[in-house]
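This is what each chain is made of:
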Amino acid sequence: MIRLLFLVGLLLVALASPAAAHTVKAGADLRVAQTIAGAELTLVIKATTRVPGPLRVEVVGFPTAPELGLRLRSMTDGRVVQGSVAPGRPAELRVEETGPHELTVSAGGETSVIPFRVLVDRGSGWEFLIYGGLFVAGLLLVGGLLTGAFNRRGRSAFVVTAVAAAGVAVAALIVVMEPWLPAGAPDGAEPRPTDSALGRPYIQRVVSTIPVRPAAGEEFVARVELFDGSTGRPVDDLALHHEAMAHLVVTSEDGRYFRHVHPLRTAPGRMEVRLRADRPGRYLAYVELERTDSGGQLLTGEFTVTGTATSTDPPDPAPRQAAGTVTVTPSVPQAGRAATIEVATNGTPRPWLGMAGHLIVRGQDGGFLGHVHERGTPSSRLRFTFSFPAPGRYLAWAQYATERGITTVPFTVEVPR
Amino acid sequence: MTRKNGLRVLVLAGLVAVVVAAFVIARTSGPDPVTTTGTHYAVTVTAERDAIDVELGRGEPDTVTVAAVMPTMGHAMPEVAARKTAPGHFVAEGDLFTMTGVWELSIRLAGPSGEETLTVNTLIGG
Chain P
1372 MIRLLFLVGL LLVALASPAA AHTVKAGADL RVAQTIAGAE LTLVIKATTR
1422 VPGPLRVEVV GFPTAPELGL RLRSMTDGRV VQGSVAPGRP AELRVEETGP
1472 HELTVSAGGE TSVIPFRVLV DRGSGWEFLI YGGLFVAGLL LVGGLLTGAF
1522 NRRGRSAFVV TAVAAAGVAV AALIVVMEPW LPAGAPDGAE PRPTDSALGR
1572 PYIQRVVSTI PVRPAAGEEF VARVELFDGS TGRPVDDLAL HHEAMAHLVV
1622 TSEDGRYFRH VHPLRTAPGR MEVRLRADRP GRYLAYVELE RTDSGGQLLT
1672 GEFTVTGTAT STDPPDPAPR QAAGTVTVTP SVPQAGRAAT IEVATNGTPR
1722 PWLGMAGHLI VRGQDGGFLG HVHERGTPSS RLRFTFSFPA PGRYLAWAQY
1772 ATERGITTVP FTVEVPR
Chain S
604 MTRKNGLRVL VLAGLVAVVV AAFVIARTSG PDPVTTTGTH YAVTVTAERD
654 AIDVELGRGE PDTVTVAAVM PTMGHAMPEV AARKTAPGHF VAEGDLFTMT
704 GVWELSIRLA GPSGEETLTV NTLIGG
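Sequence lines, in order, name chains P and S.
Sequential numbering of the first sequence, starting at 1372, is according to the numbering used here.
Sequential numbering of the second sequence, starting at 604, is according to the numbering used here.
Source of the hints: derived by calculation from the structure; they are not laboratory data.
Incorrect hints may appear among the rest.
DEER-style ranges, computed between Cβ atoms [to be verified]: (1) P:Phe1506 <-> S:Glu651: 29 to 39 angstroms; (2) P:Arg1427 <-> S:His692: 52 to 62 angstroms; (3) S:Gly728 <-> P:Glu1785: 55 to 65 angstroms; (4) P:Ser1579 <-> S:Thr722: 22 to 32 angstroms; (5) S:His692 <-> P:Arg1421: 29 to 39 angstroms; (6) S:Gly617 <-> P:Gly1398: 33 to 43 angstroms; (7) P:Ala1408 <-> S:Met702: 37 to 47 angstroms; (8) P:Phe1487 <-> S:Val621: 31 to 41 angstroms.
Listing some non-contacts, in silico: residues in chain S with all C-beta distances to chain P over 12 angstroms [what the hints assert, rightly or not]: (9) Thr647; (10) Arg661; (11) Glu663; (12) Asp665; (13) Thr666; (14) Val683; (15) Thr688; (16) Ala689; (17) Pro690; (18) Gly691; (19) Val694; (20) Gly697; (21) Gly714; (22) Gly717.
Partial list, derived from the structure: chain S residues whose beta carbon lies under 7 angstroms from chain P [to be verified]: (23) Asn608; (24) Thr640; (25) Val672; (26) Gly677; (27) Ala679; (28) Met702; (29) Gly704; (30) Asn724.
Don't be surprised by glycine CBs; every beta carbon is placed ideally from N, CA and C.
So here's chain P without its partners, still in its complex pose (with noise of 0.2 angstroms):
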């Protein structure tokens, strides 16, 4: 009878209990990628487990990273710590409260402002009817064997033991059933209604150059500005996506030209990457990112380089010469029908971007761009399954990372009609 009357209790408030959040996770490793200071790297926030206490950061190299300068603002009392981080130097930042932060990165006269939260785990919540039960088994245990050595009656005793049993009792229902009880949100979640409905508005995008027609063989600043579809509010909800605020894919008209970078967070709804194109033409931006709470979006956008082809090329960060041999198969893949890309790498893939590999397709006209992931693990061989939507040429280009830094292998896929 008591233990009907707690389970049907216990399932009152299970029933009854917001919806726990459960996109925002204590205890996992915030990973960054940024293009900073002409370096790619990846920055690692590692997961806080008190506050007050150290906040870690470590940076990824690829290959390398130049040192960052850190400030570490609480968006709540303002207080800010400052520190700089290197390639094996990691850097401890003292968080002072959950909650907003903002990290802001600084290298080669380039900024860029990270907001995260703190989250602290604060436990199920249920542990407090666990420990409770407990507590209240073991006391009246105590007091039962006191009243059974002074009390020759026997009633008390019995109240005292099925007091002591119940206590027992929902400690135990509670363990048995905890995976199913919903979880609490971490310390320093943003607040959430018990109905979250997941989706937002898409993004609307103005995609600049600074300054506006860049010369070839040119430093020049690429300029993606977001805004909210609905509202027109400047977009500054960005999920971490693949490992970054968002990806940028630059590539000229005939895919001579090849970046992915990871552009840094200027202001509010704003993102910027330096670049410099060798060549006069036009040129091509796919930007993939996620707003929180819902899913991807591709944003596109284009830009002309003005001037005449640079005499020395720059250094491509992608050394082209051995990068990987390619192998598609069926060898003449069929438009809508799965096709298999392996990439023979030089030298053993290590994880970038959460991936051992990454396969970027771009229709020749420039109106499809794909987004393939290695569908393994890190292995000399990566492996792509894509399904060319329509026949056609693709430009294509297979990027992983080693200890030598990122390795791009281009190669163009024809699907015949």
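Since chain P is already given, all that's left is putting chain S on it; use the hints.
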């Protein structure tokens, strides 16, 4: 004996109900004040369905306006000027939110020390 036992069960059930109720209330607390600090100003914002309370922790703005946006739905509400009710205290009132859920409030503060917009997220209950 049976009636007494029944009474005990009832008392026990009552105790359990109290514990469970306290537990539920503790897990679903109401809207919390949110504090945020910018360059010139620091504010603590407490938002309810028909009133937003802005308490200044730092800075002395002449005007405070509040603009609410619901990011998940793409709803944007017009800017509302907050009324100064006491030193360091501003209140915006009216039809501020069209529905319950998470709203993003942009608090624009302007005064001798400068103009700044601070943003907070808050959960508006029913």
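Here's how the hints hold up against the structure:
1. P:Phe1506 <-> S:Glu651: 29 to 39 angstroms: For Phe1506 of chain P and Glu651 of chain S the Cβ distance comes to about 38 angstroms; the hint holds.
2. P:Arg1427 <-> S:His692: 52 to 62 angstroms: violated (40 angstroms)
3. S:Gly728 <-> P:Glu1785: 55 to 65 angstroms: Distance hint for Gly728 of chain S, Glu1785 of chain P holds at roughly 59 angstroms.
4. P:Ser1579 <-> S:Thr722: 22 to 32 angstroms: With a Cβ separation near 25 angstroms, Ser1579 of chain P and Thr722 of chain S satisfy 22 to 32 angstroms, so the hint holds.
5. S:His692 <-> P:Arg1421: 29 to 39 angstroms: holds (35 angstroms)
6. S:Gly617 <-> P:Gly1398: 33 to 43 angstroms: holds (38 angstroms)
7. P:Ala1408 <-> S:Met702: 37 to 47 angstroms: Distance hint for Ala1408 of chain P, Met702 of chain S holds at roughly 45 angstroms.
8. P:Phe1487 <-> S:Val621: 31 to 41 angstroms: holds (40 angstroms)
9. Thr647: Not fine: 10 angstroms to the nearest Cβ puts Thr647 of chain S too close to chain P.
10. Arg661: Contrary to the label, Arg661 of chain S does not stay out of reach of chain P, its closest Cβ about 8 angstroms off (not over 12 angstroms).
11. Glu663: The assertion about Glu663 of chain S holds, with a minimum of 16 angstroms to chain P.
12. Asp665: At about 21 angstroms from chain P, Asp665 of chain S clears the 12 angstroms cut-off, so the statement holds.
13. Thr666: About 20 angstroms separates Thr666 of chain S from the closest Cβ of chain P, which puts it past 12 angstroms; holds.
14. Val683: Its Cβ never comes within 12 angstroms of chain P, the nearest being 16 angstroms, so this holds.
15. Thr688: holds (24 angstroms)
16. Ala689: holds (22 angstroms)
17. Pro690: holds (21 angstroms)
18. Gly691: Since the minimum Cβ distance to chain P is about 17 angstroms, Gly691 of chain S lies beyond 12 angstroms and the statement holds.
19. Val694: holds (21 angstroms)
20. Gly697: holds (19 angstroms)
21. Gly714: For Gly714 of chain S, whose nearest Cβ neighbour in chain P is about 17 angstroms away, the distance exceeds 12 angstroms, so it holds.
22. Gly717: holds (15 angstroms)
23. Asn608: violated (9 angstroms)
24. Thr640: Holds - the Cβ of Thr640 of chain S comes within 7 angstroms of chain P, reaching about 3 angstroms at its closest.
25. Val672: Cβ of Val672 of chain S sits 5 angstroms from chain P, so the hint holds.
26. Gly677: holds (3 angstroms)
27. Ala679: For Ala679 of chain S, the interface hint holds, since the closest Cβ of chain P sits about 4 angstroms away, which is under 7 angstroms.
28. Met702: violated (10 angstroms)
29. Gly704: Status holds, d = 5 angstroms.
30. Asn724: holds (6 angstroms)
Hint violations for this structure: numbers 2, 9, 10, 23, 28, all remaining hints satisfied.
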